Amino acid sequence: MPDFLADWLNQNDIFTAATMLHYWDGLVTTVQLVFLSLLLGMAIAIPLAIMRTAKSWFISGPVWLYTYLFRGTPLLIQLYIIYYGIAQIEGIQDTFWWTIFREPFYPALLAFTLNTAAYTTEIIRGAIVATPNGEIEAAKAYGMSWALRMRRIVLPSAARRAVQAYSNEVIFMLHASAIASVVTIVDLTGAARNIYSRFYAPFDAFIGVAVLYMILTFILVYVFRRLERHLLRHQRPLSH
Amino acid sequence: MLDLKGYGPSLLEGAIVTIELALFSLLLAVLLGLVGASSKLSGNRFLVGAATAYTTLIRGVPDLVMMLLFYYGGQVLVNTLSDYLYYEYDLDIFFQFDPFISGVLTVGLIFGAYMTETFRGAFLAVDIGQIEAAKAYGFTRWHTFRRVMIPQMLRHALPGIGNNWQVLLKTTALASIIGLTDMVRVAEEAAKAERSPFMFFIPVAFVYLALTAGSELFIKWLDKRANVGVVHGD
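Chains A and B, in that order, give the protein sequences. Sequence positions in the first sequence follow our numbering and run 1 to 240. Sequence positions in the second sequence follow our numbering and run 1 to 234.
Rather than coming from a laboratory, the hints here were simulated on the basis of the structure. The structure displayed is predicted, hence computed values, not measured ones. The beta carbon of each residue, even a glycine, is placed where N, CA and C say it ideally should be. Hints are not guaranteed to be accurate.
Unchecked claim - The list that follows gives simulated cross-link-like pairs (lysine-lysine, DSBU-like), each with its CA atoms no further than 35 Å apart: (1) B:LYS170 <-> B:LYS224; (2) B:LYS170 <-> A:LYS55; (3) B:LYS5 <-> B:LYS192; (4) A:LYS55 <-> B:LYS224; (5) A:LYS55 <-> B:LYS220; (6) B:LYS170 <-> B:LYS192; (7) B:LYS135 <-> B:LYS220; (8) B:LYS5 <-> B:LYS170.
Stated by the list, open to error - Partial pick of chain B residues on the chain A-facing surface, computed with a CB cut under 7 Å: (9) LEU64; (10) VAL65; (11) TYR72; (12) ILE177; (13) ALA191; (14) ALA205; (15) LEU209.
The shape of chain B in the complex, shown without the other chains (with noise of 0.2 Å):
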C-alpha cells in the first residue's frame, strides 16, 4: 500500500470535497444552461440579448480571476448587505462566504454558459415535427418543454455534457487557491510539510484520471440507454 505518511485519511476527505464540488456546481452550471439556451431560443429581444452577453462575458475571462471576485467581493457584498440590515432593519444577518460557496458560484457559473451552448444545440436538434404534435395536442408551453423537449434533447445534448463535466472536474482544482481544503489543497501542504511533491501530487493526479475515466464509462453508459430507441444504420 502506498505510505502517504499518513496523510492518506485527509486526502481521502479532500477529494469527497472536490466530488462534492464538482457535483454541485455540475448542478448550478445545468440548470444555468438550461435557463440560458430557452432564453437564447425565446425570441425575446431581451433575454437574448442577457444570455448572449452572459456567455460571451464568461468566455473572455479567467476562471482563477472570477473565483478570486467572487471569494474576495463575495465577502465584502456580504458584509455591506448584513451592515445595511442590521443599521436600517435591527437584523443581525451574517454569513461567511467560504471558499466552497465561491467555488460552486464561479464553477457553475462558468460552466453554465458552456451548457447554454449545449443545450441550444440540443433544443435545435429536436424535430420540429415533435413541437407542433404537442401544440396540436393543446400542451401548453410548458407542458412541451417539459414532456417533449427536455427528454428528447437530452439525448443530443449527452456527448456535450460529458466533455463539459470532464473539463468542470479539472477546474475545480482552482478553488484550492482561494483555501478550500480539497485534495488539491492537501497535497501541497503535505508536500510542503514532507518536502515531497511527487509523493502528494502523482496519487492526487491518478485520482483525477480514475475520476474523468469512471466517468466517461458512466456517460457511454447514459448514452447508450439514451439511444436505446434509435436506430443507427450500419
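The following block holds chain A by itself, in its conformation from the complex (with noise of 0.2 Å):
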C-alpha cells in the first residue's frame, strides 16, 4: 500500500469499521427497497400493460388515468401523500395494517411501486404496440387463443424490445430510492447524511456513497447489457 494511503487510513476518523458497517446496513436497505419495488411493480405493470392495449376505453382509461397521474408528478410528492397519508385514515391504527405501515420502510415501498409500476406499464405498452403484425397473424393462423397468444408471441417479443428502456427504469429507481431518506429510512444515502451530521465532513460522507451509487449503476448497466445481448441473440450480424 501507498504510504500515503496508509497514513490517511490511519488518521481517519471517518472510515472506520463502525461507519463502514453503517454504509452497509444502509446499502442492504437500499437494495432491498429498489428490488422489491421493481419485483412488484413488474408484477402489476404486466396485466396493467395488456388492459392498456385493451379497444374498449372502459378498461384502457383507468390504466392511462393512473400512469398520467403517477408520471406527472414527483415521486417525492407521491412518497409524502402515503406516508403521512396512511396515518391520517380513520381507524387503521386499530388494524394489523398499522403494525407494517408504521415502520417507514413500508410507506416507501408502496410509493417506490406504485411509481416504478406506471412507468414500466407504459414501456410495456409500447412494447406490445410495437409487435409486427405479421407475428399475430402467424399465431391466430396457428389457431391460438388469445391468452395463448399473449404468453407464447406477445410478451416474449415485447420483452426483447423492452428490455432497453427498462434498464433505463431500474437505474432511475435506484436513484430515485436516495429519497427513503427523507422519511427517516436508512438506506444509502440515510446513512451517508448520518455520517454527514455526525462527523460535518460532507465531502467524505457524500462522495464516498456516490461512489457506491455509481458501483451499483454500472452493474446494471452491465447486467443489463448482458441480458439484451442474450435476449437478442437471434439478431447478431453473422459475422460476429
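Put the two chains together into one complex; each comes in its own frame, and the hints tell you how they fit.
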C-alpha cells in the first residue's frame, strides 16, 4: 500500500469499522427497497399494460389515468402523500395494517412500487403496440387463443423490445430510492446523511456514497447489457 | 374555492419559486448541453474525454446525493475560500451558499448531461451539405456553429428538450429537502401543522400536472413553428 494511503487510513476517524457497518446497513436497505419495488412493480405492470392496450376505453382509460397521474407528479410528493396520508386513514391504527405501515419502510415501498409500475406499464405498452402484425397473424393462423397468443408470442416479443427502456427505469429507480432517506429510512443516502451530521464532513460522506451508487449503477448497466445480448442473440450479425 | 387554511398565498409563492428554479436550471442545462455536445463532436481527444466523463459520472449518481453534496459541501468550500481570501489578501468576501443556488447547480448539472446527449444527436442530424455550403461561403467555425448548426439542430432537439424539461420540473421538488421553500416545502410544513396531508399535497400534485400539461402544449406549438418549412409525407 502506498505510504500516503496508509497514513490517510490511519489518521481518519470517518472511514472506521463502525461507519462502514452503517454504510453496509444502508446498502442492504437500498437494495431491498429497490429490488422489491421493481419486482412488485413489474407484477402490477404486466396486467396493466395488457389492459392499457385494450380497445375498450372502460378498460384502458383507468390505466391511462393511473400512469398519467403517477408519471406527471414528483415521486417525492407521492411518497409524502402515502407516508403522511396512511396514518390519517380512519381507524387504521386499530388494524393489523398499522403494525406494517408504522415502519417507514413499507409506505416508501408502496410509493416506489406504484411509481415504477406506472412507468413500466407505459414501457411494456409501447413494446406490445410495436409487435409486428405478421407475428400476431401467424399466431392466429395456428389457431392460438388470445391468452396463448399473449403468453407465447406477444409478451416474449415485447420483452425484447422493452428491455433497453426498462434498464433505464431500473437505474432511475435506484437513484430515486435516495429520497427514502427523507422519511427517516436509513438507506445508503440516509447512512451518508447520518455520517455527515456526526462528523460534519460533507465531502467524505457524500462523495463516498456517490461512489457506491456509481458502482451499483455500473453493475446494473453490465447485467442489462448481458441480458440484452442474450435476448437479442438471434439478431446479431453473422460475422460476430 | 379550495379551503387551504390560509396557506394559499404561501403555496402560490412556493409555486413561483419552483418555476424560477426550473427555469434557471433549464438555462444552465441548455448551456452545459451545448458545450458538452460540441465537445463530444469536436474530435479533440481531451474535450471528448472530459465530456464523456461528465455524462458518465452524472448518470451514476442519484440527484439527491449530488444536491446534498453541493449544499453542504458548497458552503464548506465557500467558507474555506473566504477564510483564505481574508487571511492572505485581507479581502472580506462571504456569501451564503443557499438552497436555491445548490438546487440550480445540481439540477442544471444533471440535465446538462442529458441535454448533451440530446444536442449531440441533433447536431448529427444536420445535413452535412449545409456545413459544406457554409464552408464554401467562407464562414468561420463559430459562424457556422451559430448561423447554420444551431438553427437547424434546434428542430431536431426540440422533442428531446421537451422530455428533459418535463423530468427536470419534477426533479426540482428535491430542492425542498435541502430547505428551499418551494411549494413542496410549504405543503409539507402546512400538512404537518394542520395534520391533513391530503389537503396540501394533492393540490400541489395538480399544480405539477398543470405545469407539465401546459408546457407540453407550448412545446407542441414550438415544434410546429420549428418544423414549418419541413414537408411531411402523408
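Evaluation of the provided hints:
| no. | hint | in the structure |
| --- | --- | --- |
| 1 | B:LYS170 <-> B:LYS224 | holds, 25 Å |
| 2 | B:LYS170 <-> A:LYS55 | holds, 31 Å |
| 3 | B:LYS5 <-> B:LYS192 | holds, 13 Å |
| 4 | A:LYS55 <-> B:LYS224 | holds, 30 Å |
| 5 | A:LYS55 <-> B:LYS220 | holds, 27 Å |
| 6 | B:LYS170 <-> B:LYS192 | holds, 22 Å |
| 7 | B:LYS135 <-> B:LYS220 | holds, 33 Å |
| 8 | B:LYS5 <-> B:LYS170 | holds, 26 Å |
| 9 | LEU64 | holds, 4 Å |
| 10 | VAL65 | holds, 5 Å |
| 11 | TYR72 | holds, 4 Å |
| 12 | ILE177 | holds, 6 Å |
| 13 | ALA191 | holds, 6 Å |
| 14 | ALA205 | holds, 4 Å |
| 15 | LEU209 | holds, 5 Å |
The structure is consistent with each of the numbered hints, conforming to all of them.
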